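Enquirer: Here is what each chain is made of, one letter per residue.
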Amino acid sequence: MRGDLTTALNPIPLYKPGGGEEKAEIARLSAFAGALAVGDLVKTTLGPKGMDKILQCHMGDGPDAGRLLVTNDGATILSKIGVDNPVAKVLVDISKVQDDEVGDGTTSVVVLASELLRETENLLAQKIHPQTIITGWRKATSEALRVLESIAKNNSSNLEQFRSDLMNIARTTLSSKILQGKKDYFSKLCVDAVLKLNGKTDLQGIQIIKRLGNNMSDSYLEEGFLLEKRIGINMPKRLENARILIANTPMDTDKVKIFGARVRVDTVAKVAELELAEKEKMKDKVNKILQHNCNVFINRQLIYDYPEQLFAEKGVMAIEHADFEGVERLAQVLGGDIVSTFDTPDKVRLGKCDLIEEIIIGEDKLIKFSGVAQGQACTIVLRGATQQILDEAERSIHDVLCVLSQTVKEPRICYGGGAAEMLMATAVSQLAVKTAGKESVAIESFARALRQLPTIIADNAGYDSAELISNLRAAHTSGKSTFGLDMENGRIADMIQLGILESFHLKQQVVRSAAEAAEMVLRVDNIIRAPVRQRERDMRHH
Amino acid sequence: MPSVGTLAFDEFGRPVLILKGQESKKRLFGIEAHKSHILAGKAVADTLKTSLGPRGMDKCMVSPDGDITITNDGATILSMMHVENEIGKLLVQLSKSQDDEIGDGTTGVVVLAGALLEHAEALLDKGIHPIRIADGYELAAKVALEHLDKIAETYPLDLKKLDPLINTAMTTLGSKIINRCQRQMAEIAVNAIMNVADMERRDVNFELIKVQGKVGGRLEDTLLVKGVVVDKTFSHPQMPKEVRDAKIAILTCPFEPPKPKTKHKLDITNVEDYKKLREYEKEKFTEMIKAIKDSGANLVICQWGFDDEANHLLLSHELPAVRWVGGPEIELIAIATGGRIVPRFQELTAEKLGFAGHIRELDFGTTSEHMLCIEQCKKSNTCTIFVRGGNKMVVEEAKRALHDALCVVRNLVRDNRIVYGGGACEISCAIEVAKEANKIPTIEQYAIRAFADALESVPLALAENSGYSPIKTLSDVKAQQIAQNNPRLGIDCLNTGTNDMKAQTVIETLIGKRQQISLATQLVRMILKIDDIRLPGEAEE
Chain A
2 MRGDLTTALN PIPLYKPGGG EEKAEIARLS AFAGALAVGD LVKTTLGPKG
52 MDKILQCHMG DGPDAGRLLV TNDGATILSK IGVDNPVAKV LVDISKVQDD
102 EVGDGTTSVV VLASELLRET ENLLAQKIHP QTIITGWRKA TSEALRVLES
152 IAKNNSSNLE QFRSDLMNIA RTTLSSKILQ GKKDYFSKLC VDAVLKLNGK
202 TDLQGIQIIK RLGNNMSDSY LEEGFLLEKR IGINMPKRLE NARILIANTP
252 MDTDKVKIFG ARVRVDTVAK VAELELAEKE KMKDKVNKIL QHNCNVFINR
302 QLIYDYPEQL FAEKGVMAIE HADFEGVERL AQVLGGDIVS TFDTPDKVRL
352 GKCDLIEEII IGEDKLIKFS GVAQGQACTI VLRGATQQIL DEAERSIHDV
402 LCVLSQTVKE PRICYGGGAA EMLMATAVSQ LAVKTAGKES VAIESFARAL
452 RQLPTIIADN AGYDSAELIS NLRAAHTSGK STFGLDMENG RIADMIQLGI
502 LESFHLKQQV VRSAAEAAEM VLRVDNIIRA PVRQRERDMR HH
Chain B
620 MPSVGTLAFD EFGRPVLILK GQESKKRLFG IEAHKSHILA GKAVADTLKT
670 SLGPRGMDKC MVSPDGDITI TNDGATILSM MHVENEIGKL LVQLSKSQDD
720 EIGDGTTGVV VLAGALLEHA EALLDKGIHP IRIADGYELA AKVALEHLDK
770 IAETYPLDLK KLDPLINTAM TTLGSKIINR CQRQMAEIAV NAIMNVADME
820 RRDVNFELIK VQGKVGGRLE DTLLVKGVVV DKTFSHPQMP KEVRDAKIAI
870 LTCPFEPPKP KTKHKLDITN VEDYKKLREY EKEKFTEMIK AIKDSGANLV
920 ICQWGFDDEA NHLLLSHELP AVRWVGGPEI ELIAIATGGR IVPRFQELTA
970 EKLGFAGHIR ELDFGTTSEH MLCIEQCKKS NTCTIFVRGG NKMVVEEAKR
1020 ALHDALCVVR NLVRDNRIVY GGGACEISCA IEVAKEANKI PTIEQYAIRA
1070 FADALESVPL ALAENSGYSP IKTLSDVKAQ QIAQNNPRLG IDCLNTGTND
1120 MKAQTVIETL IGKRQQISLA TQLVRMILKI DDIRLPGEAE E
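Those protein sequence lines, which keep their order, are chains A and B. Taking our numbering, the leading residue of the first sequence gets 2, the next gets one more, and so forth. Taking our numbering, the leading residue of the second sequence gets 620, the next gets one more, and so forth.
I should point out that these hints are in silico values taken from the structure, not numbers from a laboratory. Keep in mind the model is a prediction, meaning the values are calculated, not measured. Worth double-checking, as some hints may not be accurate.
Result set (BS3-like, lysine-lysine): computed pairs, CA atoms no more than 25 Å apart in a straight line [what the hints assert, rightly or not]:
1) K353/A to K860/B
2) K708/B to K24/A
3) K348/A to K901/B
4) K348/A to K860/B
5) K833/B to K860/B
6) K284/A to K903/B
7) K860/B to K197/A
8) K410/A to K851/B
9) K895/B to K289/A
10) K286/A to K909/B
11) K97/A to K833/B
12) K24/A to K715/B
13) K289/A to K903/B
14) K909/B to K348/A
15) K154/A to K140/A
16) K894/B to K289/A
17) K1091/B to K661/B
18) K128/A to K439/A
19) K24/A to K654/B
20) K439/A to K1091/B
21) K282/A to K894/B
22) K81/A to K833/B
23) K829/B to K715/B
24) K901/B to K284/A
25) K1011/B to K24/A
26) K17/A to K708/B
Here are some chain A residues pointing at chain B (derived, C-beta under 10 Å) [unchecked claim]:
27) Y16
28) G19
29) D85
30) K90
31) G337
32) S341
33) V349
34) A518
35) N527
36) Q535
We treat Cβ as the ideally placed atom computed from N, Cα and C, and that holds for glycine.
Chain B with its partners taken away, still in its complex shape (with noise of 0.2 Å):
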């Protein structure tokens, strides 16, 4: 069997067995293994082409446990499709890593993967050896590269008109379920960015944007708080529910009698100890308070629990006290209210308290809870974007959504160049990689011809998703590029009237789709580089 392995035989014709265990295990290999990676990646990739674009559709993910998740977030889709295939996880992969790198486009890459796969099954049907492929699409994408580059076009940004920013986190929120209320998320995560950009370094700290989400009231009622939201209420019923000018005492240590780290055996042999134990622990209760109240502190935020004891003398010093805070929101908390975390109770002095002109309590419907909004803050660069939404699904899928037009909004702040969505500059990069492919000399031109078309998959898929006929409009759209030599022009899947997409103002970022191409080309090099898989079959038991 072809399948199994070569087989080497002795003079007796017996079967030389040269891998352990040869006869239980899979193998494919040469063309058969290209095949059939193929075929799983463009299965991979056939799933996810209906979610792209602004007419893009969802997909419900069903997880172990029969939770529903319902995204267009290509990254969402795949992490959570449990693939075994092991070129379906390769594709994974490569939208977790667009998703790390520019937090957008997770379809986009993976479809153009698909494509890219897909046409070259064509070529090695015509003969032509995988890495000749390879070697043609690696020459094609630095065409399609340095094509970018040139239609690119710097954005102007300026802090005081938000609009082009706004226009280009729209883009990104468009093919979402929130594109509702697309204009003020699409504020929302401007808004955000803005307060935490470092235009300097032209950075942006993800850290300091906390993306909350609580279920009920609707999308409209999502809000940006500039400050802190932690979902966890004063550790005593009767402790004012608002603080103004607060100044916070950031606590890591229990408010509990001591524990001494290192073993010990505490003996109770009389009277006298028990007295004594009795009252140290009073005392140290007090002292805690008291060192509190030296500090002028007027609110204690601690990461670990209270006593009960401890929670009464706390409400009777009218020291209102948040307990069981964890750990990254402590530390959110430190970083806005310009306080320092502080492990033992005597190294509390006023300079390391933080500050917070109004801290509140905010409750929800009919169930009874609460949450803590920590607002006004000394340093008030952090922020927390609160999303409300009628039902779990929708909250969740709305934070990731943002968090899609958060990074694409940071990519602008870190290089102000764009090239234009709508699969604009697919087709200008297609025309263009045609173009040179006639050039080359070598076998090497079909493939980059076969990457050509493989570009042209996304407005393709962009078209379709939006009903219209695919490749009629592909070709009519192409021909008024070239006619125009207008790389702006796209597919205009909303149906608006015009295919210029400056004027419809679908932008994406030019890193973004820089990373898009050179990923999917790589991967794709990589997968037909492949010539040999090897399963280990069935465990013998």
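With the rest of the complex left out, here is chain A (with noise of 0.2 Å):
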């Protein structure tokens, strides 16, 4: 019967046209091909020597279309790339969260995670059990973090020592970044700014402005607060003991809110009576302002000329249009409320600053404010040849920033330049020696893996890392711990005295999601896509 011939012959599919599964092996290669090239894409980019990189983002319409960037950032390279394997995008994924947990460290977990699937690789070859693989893993890391807490040291208690702790970490931080040259500079600046915030972690206190033009080293940490808005017309450029008043209303057409009302007249002098009552209305309010006692006044929204001219009369500066978020952090600095009625005006608190000034950076002018009430805030003006200098110097100062927050919150540190690697190498090793079964050969692997990571370094440096690291080895297992690399000279050095220091909870946060994200990985066996959605071409940039 033809029966039997067409079902044998005819594939019954079972996918939608244009999704499928790939399985077991085929799944793996695919998995471990897409971890790799994104490991090797930012490995280049680790350490003191690290490279950077060019991202030319996407011809054609967007805005930010053909736009050139320049960065060794792993979180940015990583997020602005779009790869398309799934693995690598779990491999994204954890690059951002360290982004958003601690900062940095973004390109340290991803070339961990994928060295971790590098030696999985020959594990699998030797047929062990994926299972058994992770159940090593995690015996490696929870040594791992343990050998890691012993010698993580907390200088909190000493505030001298603190503070030099903290510049060394901005230091060891910076090494990486454009701002090596003038590393001193920056550490400095952003340890005092960090120091300013009284141990929150919210960086939303130090604002960062750049404006093209000078030298990177012209850049400064701006005691107070700077506003990137012009001071009205005809109104004071400078003002001593400030009182300010913070707002968030209308002040162009205050409109009547009901749902539904309309202005209806019939007569040309119906509509001119009606704009005098506007106008009435407006003046009403600037007059309400004005009984808060305040000589200036700073709108969110924007203020009109007429109302303008008013508060102009009345000597009081009024700055027109900060954003949302330039209001939210005048409140905080200031020390004022937010007000949107002005009825009770014994109830507002507000804002002080000692000097209001108008100061030109570059072309562009902004406001200072200056003596403010709380010192918790300020301003670093970045300056740059090229935007790209300045976005990447953005970038690093953002990182510094974070890390020393971080540390300001949880302040155990522990030792750079790889030294912190290979003790955990070191450890993880033991471990695999001591340990019975085949997960000890996973335990094995897991320290190779983390001994990448200084050699990394060291090969993106030019030197000879095989030498370097065995030699780093040697001295671990010898019990100094402190050792590490010292890529100015090309040898192994003690970190404490060469300085470099790193926070101990973004070198734990790196183990743990590194770990987690290969473990991930390694447990899936298969791929399943499905049909990608077709998407109508957006037309309305046309």
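Assembling the complex is the task here: the two chains are given apart, and the hints tell you how they should meet.
Expert: Following this line, the structure appears as structure tokens:
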């Protein structure tokens, strides 16, 4: 009968066209290929001698079409390249989480995860069950974290020492970034800024303003607050002992908000009358505002000519259209309320500052608030020759600020320059020797992956990594647990003396999320794709 | 062509077309249809097979938009597979109904159904009529279910000793990626259920348990909040971040000028009108705030937005407020705090306020994201499981795993009879069913025997996933079960040295297992009864 034949030869389609699945070996192959590709991509940016990448955004439409980006920040690179491989996406996600949680170490976490997966390739070739590898890794991770915790030092009780720790951490973080030439200068700048926050991790109080021109070393930390706005016309450009009212209220035409209300008049005269009434309403409002006895008025929304003129007459400085973030920050900095109704002047707290003046940076005028009530806020003004440099500098400063503020919260530190990694690797290796069973192979592989991090740092700097790493390992095995790589001179050295420190929280998070992600990828034995959704081309831009 | 359909010919030899557009339609019937069904069913089951058990693997699903989900939850995998085949779709629904009913064992049920189909194929080749096979399966399922009831044990359910429950939850979590902190997660699940369980009615209201995830931190940071966590923040940056002894007004009316629902036009024709409206507007806002103040509330939770002016008025009257809280969340808050949802300002009274002992804002990492945590509520039986994890996929998977664990614990609260997992009860049933088969005088005994073999597919898959030689391990365990007459022996997946599942505390609920067997049998019966598929074919352009 023909029926048998058709069943035998006709494949029965299980998935919708476009969808499909990759099984076992093939799935694993594509998973590893994706992970390794992502790892190799960012690998070269690791360490003080790491290289940068140029990213060019999509040609075509969109707001930043064809824009250039020069960076060595792992999270930025990965978020911009738009990967398609599912496993690569997992790695991109962990680098993003690392960025959100700690702010730095985004490259390390991806490299460690991809090195772990590279090791697995060999283990799987030896026919070791993925679940066995995972069991081994878990033991290795907890051992690594245990030993990391045992050397972590907490100097927060000694303020002098803590400050120098923070300086060292900032220097270490900056040494792999574009600002490394001026790292001492910028470290001091960032440490000063973070210490002003008094232990808060909210970085909103620190504002970064970028202005093209001049040299990077002309960047400075501005005590107080800068607002990227101009003072209205005919108003004082400089004001001492300012009493500031921060508001969020319409100052254009104060509409009647009741739904469905509209103006309907039959003669032009009536229109004029209404206009007058409106004007009067505005005048009332301005008078109410003036009753607060303020000499500066900052509004989130627009201020039209008429009220502005009224303010100018009274000698009140009015600043319009400060964006939402600006207003919130101002309120925080100046210690005032954000006000929307003006009937209770006695209840409203006014913001205060000693001096408001208009200053000029490059070609732009900005408003500077100095001597503010709460000394927590400050502004970092970055100068640089090109937009790319400025952008990268901002990212670097942001990384440093994040790391520092997290360190203030969790003040334990550990050693950089590959010392922490080597320390963990040595401890994990020892665990491997002690463990019986197949898991020990997996544990050893974890140690190898950890050792890859210093190896890559050395490779990137162009030194003989095999030599350096074996020296370093020997040093660690003989108990010199603070030794790491000195990439200035191409030798191993004591990290305490060089002052290369890193935040404990950062290192811990790197090991933890890399292990978690690698484990997750390793557990996958099937990749199932749904058909790609067909999209209509978005025609709105044309 | 047989696959198009039977053709009738008239006396001139021209085909008589019976169906509209018959040429373009596809059709499969008879044995060919059966075979094709079985093939499709097997393909789906094979995909899931490797996910079974504590050493099962995960699947990586790529959604139509390119998002990644990594999971080993059978129901989730199937629902995201976008299966097109009709029989495949039936299996997807099978797993879904197991998920809806029991919440766990969604992989097992599909594997079992696949095995039943596979064994039916062999019987079809022998020339046994599909209906006879289906009847045999039905008989066998009855035997198996009766046997399950016999070997089931009643489990001690004691509110003071939660350990047994935690063990059950741990069995469920054992196969998931979060088995790193298995014990902690199991405790969270059990505590959550115990918190909301109604022991008199022996029921658990799932709506009172919310599972909320947030990327960051680590799995170990997952915690059970006896209260509600909402992804919202106070409406004004200067409101206090922490409120103690909060009396909460829960509103579903916006802080905006009133909007009459009937269509209307309000014309401003002269200056007086304009001024009047201005006054009215201002009055309204003051009235709203006054209504709240008068009721004695010191916190406002609102489903809608606030006008800037209202927002500031709230601040200046020291009324911290939260806006844009979604419908389900507002209900949860109302239940938790014992407050009433108030749709109009006028109806706000002191009795309708909710109460919470402690409300605070949580911040995370370097991003300025906040969540609101409402604790020490008046009726504290609502709770939220707050999941943390290193990346998005882990958090999502942890949420699914916790859901499974919650379901299992709930099932135990409903019915505290259990059977032993690790394939133990399947093997025991298989032995019993095979024994029973010999007593049947008709050809159904072949089908019953096939059913016994199919039951063994679960322990086989478990052994295979754990890296053992499947047939040898299974036959060893089976021999031991018969020799010792001990239905608690199963596959020792984790290589702990004992295959007594009681010692390993690998426990599954009786209703879960019962459901698996009866659902799988039902579905296979249904598939075996289909002998004709008609596809609409390509639509003509």
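Enquirer: Each of the hints needs a verdict: does it hold here or not?
Expert: Okay, the hints, checked on the actual structure:
Between K353/A and K860/B the CA atoms are separated by roughly 23 Å; this keeps the pair inside 25 Å, and the hint holds. As the CA atoms of K708/B and K24/A are separated by approximately 20 Å, the hinted pair is consistent with the 25 Å bound. Among the hinted pairs, K348/A with K901/B is consistent with the structure: their alpha-carbon atoms are about 18 Å apart, no more than 25 Å. Of the pairs offered as hints, the one joining K348/A and K860/B holds, with about 20 Å between alpha carbons and a cut-off of 25 Å not exceeded.
In summary, the hint linking K833/B to K860/B is supported, as the alpha carbons are separated by about 20 Å, within the 25 Å threshold. Between K284/A and K903/B, the direct Cα distance comes to roughly 22 Å. Compliance with the 25 Å bound is thereby established for this hinted pair. With a C-alpha separation of about 21 Å, the suggested pair K860/B and K197/A falls inside the 25 Å cut-off, and the hint holds. Proximity of K410/A to K851/B is assessed by CA-CA distance (about 24 Å); at most 25 Å being required, the pair is judged to hold.
Our distance criterion of 25 Å between C-alpha atoms is met by K895/B and K289/A, whose separation comes to about 19 Å. For the proposed pair K286/A and K909/B, the alpha carbon gap of about 23 Å is at most 25 Å, so the pair holds. The straight-line distance between the Cα atoms of K97/A and K833/B is roughly 13 Å, inside the 25 Å bound, and the hint therefore holds. Between the alpha carbons of K24/A and K715/B the distance comes to roughly 23 Å, so the proposed pair stays at or under 25 Å and holds.
With a CA separation close to 20 Å, the supplied pair K289/A and K903/B stays within the 25 Å bound. At most 25 Å may separate the alpha-carbon atoms for a hinted pair to count; K909/B and K348/A meet this at roughly 17 Å. Distance hint between K154/A and K140/A is fulfilled; the C-alpha atoms sit about 24 Å from each other, no more than 25 Å. With a C-alpha separation of about 17 Å, the suggested pair K894/B and K289/A falls inside the 25 Å cut-off, and the hint holds.
Using a Cα cut-off of 25 Å, the hinted pair K1091/B and K661/B holds, with the two alpha carbons roughly 23 Å apart. Of the pairs offered as hints, the one joining K128/A and K439/A holds, with about 11 Å between alpha carbons and a cut-off of 25 Å not exceeded. Simply put, K24/A and K654/B have alpha-carbon atoms about 23 Å apart, close enough for the 25 Å limit, and the pair holds. Simply put, K439/A and K1091/B have alpha-carbon atoms about 22 Å apart, close enough for the 25 Å limit, and the pair holds.
With a C-alpha separation of about 9 Å, the suggested pairing of K282/A with K894/B holds against the 25 Å cut-off. Distance hint between K81/A and K833/B is fulfilled; the C-alpha atoms sit about 23 Å from each other, no more than 25 Å. Between K829/B and K715/B the alpha-carbon distance is near 21 Å, which keeps this suggested pair within the 25 Å criterion. Restraint check: the Cα-Cα separation between K901/B and K284/A comes to about 17 Å, which is no more than 25 Å; the hinted pair holds.
A C-alpha spacing of about 24 Å is found between K1011/B and K24/A, which places the hinted pair at or below 25 Å, so the restraint holds. Between K17/A and K708/B the alpha-carbon distance is near 11 Å, which keeps this suggested pair within the 25 Å criterion. Nearest Cβ of chain B to the Cβ of Y16/A: about 6 Å, under the 10 Å cut. The hint holds. This hint holds: G19/A has a C-beta 9 Å from the nearest C-beta of chain B, less than the 10 Å allowed.
Because the smallest distance between the Cβ of D85/A and any Cβ of chain B comes to about 7 Å, under 10 Å, the interface hint for this residue holds. Checking K90/A against chain B by beta carbon gives a least distance of about 5 Å; that is within 10 Å, so the hint holds. The restraint placing G337/A at the interface with chain B holds, with a minimum CB-CB distance near 9 Å, inside the 10 Å limit. Hint status for S341/A: holds, given a least beta-carbon distance of 3 Å to chain B, under 10 Å.
Checking V349/A against chain B by beta carbon gives a least distance of about 7 Å; that is within 10 Å, so the hint holds. Satisfaction of the interface hint for A518/A is found here, the shortest Cβ-Cβ separation to chain B being roughly 6 Å, below the 10 Å cut-off. Hint status for N527/A relative to chain B: holds, with the closest Cβ pair at about 4 Å, below 10 Å. Taking 10 Å as the C-beta cut-off, the interface hint given for Q535/A holds, the closest approach to chain B being about 9 Å.
Checked against the numbered hints above, the structure violates none of them.
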